[in-house]
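Going down the list, the protein sequences come from chains E and L. Here the first sequence stands for residues 0 to 261, where the numbers follow numbering that gives the first Met the number 0. Here the second sequence stands for residues 0 to 284, where the numbers follow numbering that gives the first Met the number 0.
These are computed hints drawn from the structure, not numbers from a lab. Heads up, some of the hints might be wrong.
If you only want the chain L side, here are some residues facing chain E, beta carbon under 8 Å, derived [said to hold, decoys possible]:
| # | residue |
| --- | --- |
| 1 | Trp-119 |
| 2 | Arg-239 |
| 3 | Val-244 |
What follows is a set of in silico ranges between Cβ atoms, one per label pair, in the way DEER data are often shown [as the list claims (entries may be wrong)]:
| # | chain 1 | residue 1 | chain 2 | residue 2 | range |
| --- | --- | --- | --- | --- | --- |
| 4 | L | Lys-187 | E | Asn-163 | 27 to 37 Å |
| 5 | L | Pro-283 | E | Ser-162 | 43 to 53 Å |
| 6 | L | Lys-187 | E | Pro-171 | 42 to 52 Å |
| 7 | L | Asp-181 | E | Pro-184 | 28 to 38 Å |
| 8 | L | His-92 | E | Pro-171 | 47 to 57 Å |
| 9 | L | Leu-74 | E | Glu-65 | 25 to 35 Å |
| 10 | E | Pro-186 | L | Gly-246 | 36 to 46 Å |
| 11 | L | Glu-91 | E | Thr-118 | 23 to 33 Å |
Predicted, not measured: the structure shown is a model, and the values here were computed from it. Ideal Cβ positions, reconstructed from N, Cα and C, are used throughout, including at glycine.
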Amino acid sequence: MEKIKKKKEGRVRLVMAALVALSVLAVTVIPAYAQQNITVSIGDISLLPQESATIPIDITKDTEQEVSGARINLTYDPRVVQVTAVGSSDFDNFFYNFDDGVVSITVKMIGFQGTDSLTTPIKFADVTFKATGYHPGDFTDLNLEIVELNTATGSPIYPREVSNGSVSIITPETINETEYRKLIPQPVDVSKIYYKFKVVDGEWAAKWLNEILYAQRETKYSIAVYLTKTGYVTGVDFERWGFPTAEIPYDLAVRSLDKLDP
Amino acid sequence: MRGIKRKGKVRKTEKVIIAAIILIAFVGAVSAATLTVIPDTAVSGSFVTIEGAGFEANKEATISSTVTGFRIPVLEDGKYTHSLVGFNISDEHTSFSLSVREVENDMKINVKRFWWTPYWTIDHDMMGFVFSYDPVTHTATVTRGMPTPTGVYEVIDVMGNAVDGATTVTMTATVTRKVMTDASGGFKEVIDTHGIPAGTYTINATDGVVYAEAMPTLSLDADVSKDGYVGVYDCVCIARYVLSVPGYDTTTLNIDVADINGDGIVDLRDARCLARQLIGLPCPP
Chain E
0 MEKIKKKKEG RVRLVMAALV ALSVLAVTVI PAYAQQNITV SIGDISLLPQ ESATIPIDIT
60 KDTEQEVSGA RINLTYDPRV VQVTAVGSSD FDNFFYNFDD GVVSITVKMI GFQGTDSLTT
120 PIKFADVTFK ATGYHPGDFT DLNLEIVELN TATGSPIYPR EVSNGSVSII TPETINETEY
180 RKLIPQPVDV SKIYYKFKVV DGEWAAKWLN EILYAQRETK YSIAVYLTKT GYVTGVDFER
240 WGFPTAEIPY DLAVRSLDKL DP
Chain L
0 MRGIKRKGKV RKTEKVIIAA IILIAFVGAV SAATLTVIPD TAVSGSFVTI EGAGFEANKE
60 ATISSTVTGF RIPVLEDGKY THSLVGFNIS DEHTSFSLSV REVENDMKIN VKRFWWTPYW
120 TIDHDMMGFV FSYDPVTHTA TVTRGMPTPT GVYEVIDVMG NAVDGATTVT MTATVTRKVM
180 TDASGGFKEV IDTHGIPAGT YTINATDGVV YAEAMPTLSL DADVSKDGYV GVYDCVCIAR
240 YVLSVPGYDT TTLNIDVADI NGDGIVDLRD ARCLARQLIG LPCPP
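With the rest of the complex left out, here is chain L (with noise of 0.2 Å):
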């Protein structure tokens, strides 16, 4: 029993130090790496640089980017849609997900390449999409894996049932893309926001020894027209909506994120900001 009592401690003994190294490993890589995200604060629609330092030189890489609690209002009839307008897929090694919450098991995709040609409905496992459903959290989930045809989506549409009594759901989008590493073992990803839901944002990179989680939040407001997409009509929204022109008024708008400029008050210099932001320019003082 004395044996087995003190193989029993030095187990436990073991584990601990087993523990304290995986940890030490853990705090030490994840101290290794950088991740950087400029600007920290964008418009949906503009372009967003991700730069990671520290990784192992001439590696694959992974760069995840999350954002949770997304809302999309359920309409009279109990359905939910949402609308990634200008979905920007500019490389291949690029994987989606997009989770919606208290739905139905009947989520469907429709997918519109370009302008001219028609819409393609999904709602079954094809063309790379897979579907799953819990049953315990009402959470249906739709995965691309890579690789996927690159371009530019004119559209793509979620869409399904709410569970009954629900007036909104919320919507996890998980963006995910491989790159190499330079032989300093940085690497510098230019995104494009378009089409890609507003909210906070979690952007973490990993090369499978090294982990980094930098600037982890990325505001993406400004879709005052609620389309989906941040655009030159959501200057005349805002426009509209100060001019009190019939139709804009906060029923038809989202006039929370309409505060460009951040001084409290929603009014024209808040379009014309917006209009500054989408081609490069500042905010005037």
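Chain E with its partners taken away, still in its complex shape (with noise of 0.2 Å):
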């Protein structure tokens, strides 16, 4: 009995010790692991509506490492953001396309060396979004694919991992006529806009065949829009009690631009 409870004891303490050796094993050589990783990134940013921004996608490594080409995707969500500009890459040669999905846009980017290599870190691209979200909290992640990464002699560079990014659409309080006309998706769609003698609390009417207007009763805003025959903004007004005001509250602009796109 003395001998099994000896013999169990001991191939406890050899679990244990074999337990103990690999958590070490686990914080040494995991991080180390971690480390040889060669990261395509790319930042996060907030914009107003219909600012614009540019930011880079990287390539780099803890040490350094030669890159003679890439294929990179980026994709996004269109109703936030549109891509407006890819450029700028330390490679000599570099193209980009855009590819059309149903709820999001990829766009697919190639660069290489003619000639020596590239080493990490490396700017694969600038690219500039423009915010076309205008509700407060919208937001898009920018997921980055990499389809190829390769050394001077052509290898696969491993191990590899992405960083992606996001846009963000921060609202402001108020906003003015300049800025409130850009947010009118033209041509506007005037066969949509019933006419209508006196105006309606919270709906668009059309006062004149090139005027639409939209009033709140509770806050005595109102916005007028001046338009071609064809639905194209040729003026923003804003009035407060009838009389001109330089800016409305933006929660009141975003809801009579929801209006006029149902």
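Could you fit the two chains together into a complex? Lean on the hints.
Below, the structure written as structure tokens:
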């Protein structure tokens, strides 16, 4: 009995020692391994409605890594942002193409070196985003996918990882006529706006053939939009209590715009 | 004797009539269905759409794509090896076979599923792979039947020894996929050409009754680096060849497939043209 007990204790000690060794290995080896990753990254940005900003897609590694070429895809929600420019790559040769999906757009990008390879850190591309979303809380992930990432001699570089970014739309307290005009989806479908002699609270009404009016009874604000026959905006006027005002509350602007684009 | 002779004549006539009916039925069947491959010329690594029409509705059809005569150089030690890089099996209803001619009966396959997994060496019937050998034509064949585990295979190497004196061996590759036709008797399949050997393809489809073979050739050139994969490194290789970078010449590269824009000259425009094609852009005129 004593012998069996000692044997059991010995086994338990052995298992414990193995577990300790494994945990030490996990603590020391895994971080060292993770540091070897080559990373393709894009940052997080916040934009006001209609505002533009340029951010880079970078290829980085803790140690120097030669890269002869790369193929990378970037996917985003076009209801929130649009990509207006892609370029300024460190690669001698760089091309991009848009692939329109049902709920997302993918920018396919490829860059390569003619002669000498580049060494990390590398700027793969600068991407310019323009905010198209105007609702509070509008947000899109900027998802990266590495299709190819090659060494100087053409071998795929592993291990690799991506660090995705995002665009958040921030909304101001108030908005002026110039900024409001930029948010109006054009051409306005005037056939959907009915002529009404009296304005209706929180609805658009056609006052004249070339003028539509949105009014809010409670706050006494009104928005007049002047249009061409084909629905393009020629001017915007804000009023409160019937007097011109430079700005209106942003939430009122959002509600009126949502009624224009049902 | 007369009776027998007449009987024989009758049988002969019957046979002719039956043969004619079969022929008419076959020709009718062939003309009933169509198969379209879009685009008809693509670089390996791009996506190709195969559209079928005129088949029986809601029926299983088989699409078969075959490339013959793919040349693999024999190394100094008499061995041959070819890597299918990034071979994408998106549907388990896929089977494939690789036949290599002028080789010994020692073919083996090295399969690496993901970059972090080890190579599996398959040199006898196992894991769904079946080997056969024809000693008359010195042809070794390996077949993987359905269902095939799906995913993008990091690399599938085909290797072995060539017969004495051979400087090249030739490979025939066939990929077969089962699809269901829709209510109108059509189907649409998108094929990822990553890892598929370059060459001229014959693509046919049948539902057992109707047969179609259209746009029978599909060129998958542009593997300038000869690594079995067409990608950004082939652009790099073309550029380095044009710029006379040491080590990038006709001995290391397959410059025969580097004239991407087909203007008869290999220059930097071909490197850029290939890069554009890889992301779905046309070559500039």
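Status of each hint after checking the structure:
no. : hint                                 : result
1   : Trp-119                              : violated (18 Å)
2   : Arg-239                              : holds (7 Å)
3   : Val-244                              : holds (6 Å)
4   : Lys-187(L) to Asn-163(E): 27 to 37 Å : holds (32 Å)
5   : Pro-283(L) to Ser-162(E): 43 to 53 Å : violated (34 Å)
6   : Lys-187(L) to Pro-171(E): 42 to 52 Å : holds (48 Å)
7   : Asp-181(L) to Pro-184(E): 28 to 38 Å : holds (37 Å)
8   : His-92(L) to Pro-171(E): 47 to 57 Å  : holds (55 Å)
9   : Leu-74(L) to Glu-65(E): 25 to 35 Å   : holds (28 Å)
10  : Pro-186(E) to Gly-246(L): 36 to 46 Å : violated (59 Å)
11  : Glu-91(L) to Thr-118(E): 23 to 33 Å  : violated (42 Å)
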